[in-house]
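Q: Chains as they are written, first to last, in the working numbering: chain A, 1 to 161; chain B, 1001 to 1161.
Please note that a few of the clues may not be correct.
If we take Cβ atoms under 8 angstroms as the criterion, some of the chain A residues that face chain B in the derived model are [as the list claims (entries may be wrong)]:
hint: 1; residue: L10
hint: 2; residue: Q85
hint: 3; residue: L104
hint: 4; residue: A111
A few chain B residues that don't get close to chain A, going by computed Cβ distances all over 10 angstroms [unchecked claim]:
hint: 5; residue: R1011
hint: 6; residue: A1022
hint: 7; residue: S1025
hint: 8; residue: G1058
hint: 9; residue: P1091
hint: 10; residue: G1093
hint: 11; residue: S1096
hint: 12; residue: H1107
hint: 13; residue: N1110
hint: 14; residue: A1111
hint: 15; residue: P1136
Since the hints were made in silico from the structure, they are not lab data.
Remember, it's a predicted structure, so these values are computed and weren't measured experimentally.
Just so it is clear, CB atoms sit at the ideal spot from N, CA and C, and this is done for glycine as well.
Protein chains: 2
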Amino acid sequence: MFSQTVEYSLRAVAHLSMVAPAIVSVREMASSIHVPEAYLAKVLQHLADSGIVSTRRGKGGGATLAKRPKDITILEVVQAVDPLQRILTCPMGISSHGSQLCPLHRHLDNALAAMIESFGNTTLHQIMNDPNPIKPLCETPKVNLIPLNLPKPSGSPLNLS
Amino acid sequence: MFSQTVEYSLRAVAHLSMVAPAIVSVREMASSIHVPEAYLAKVLQHLADSGIVSTRRGKGGGATLAKRPKDITILEVVQAVDPLQRILTCPMGISSHGSQLCPLHRHLDNALAAMIESFGNTTLHQIMNDPNPIKPLCETPKVNLIPLNLPKPSGSPLNLS
């Protein structure tokens, strides 16, 4: 449903959000978020064209967020790289339908509209500050198990005699 | 968002629903729903594999719905040809996440789940019997304007003198 490009672009902005305001090289980011370097460079270019990230060439160059995570919605990222397209006119080109969709295409478009609304109402900041202990892009730290000083059992654990 | 294959498969079942229980040849259907014949044949094969349509080879052959439109959901059709796939495990393969998604992937998956639920709750029958005057696949009939026998106006329509 969501393209590889959408997945990679969301990983990229999530990573940049985590390290903000640092400028991260494409190579370093590609390694961190498990995306092929050339693919990531293209994704970042699209995100830069849409004003979501800033890029700097040369030594010490790389990418950084161009806006605050509060001002970047999930929808903005998706639309920058692989836009969700509403069904605005009859896909069959039936002229009498015009912009009035039939129930079939209206139903499909309603589902798209709901998804677009949901993504448009969710910012990168919300995603990155969700109270969920599992954080985007990161291994979840293992819980340190503190051994309890229980009294040593004596005798057979199951003495049925 | 929705592939050409999804669009074509929905047109096919909508057409078969309209002409049910007739068996329609692939050529005839392809022409009616504006889908290339070879493409439609493949789509129908997928729909037949999923038990949504029945096909018959040879002269007088073609396709027909294998079930009542009340028993076919939009989701079933979509899943037969180009399945919507929920995000069930971390797409980055982060082992500590397991089946517990991070907020980023949880958000994407929630949007997918909502779409799947909506499609799963809508049958072909509902779509084809929607009260909307615009019907799937069809030109909307032009309204016949019946001339009213109004009395012939006399004199100037705006006699302000």
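Q: Looking at the structure, which of the earlier hints fail to hold?
A: Hints 5, 9, 10, 11, 12, 13, 14 and 15 not satisfied by this model.
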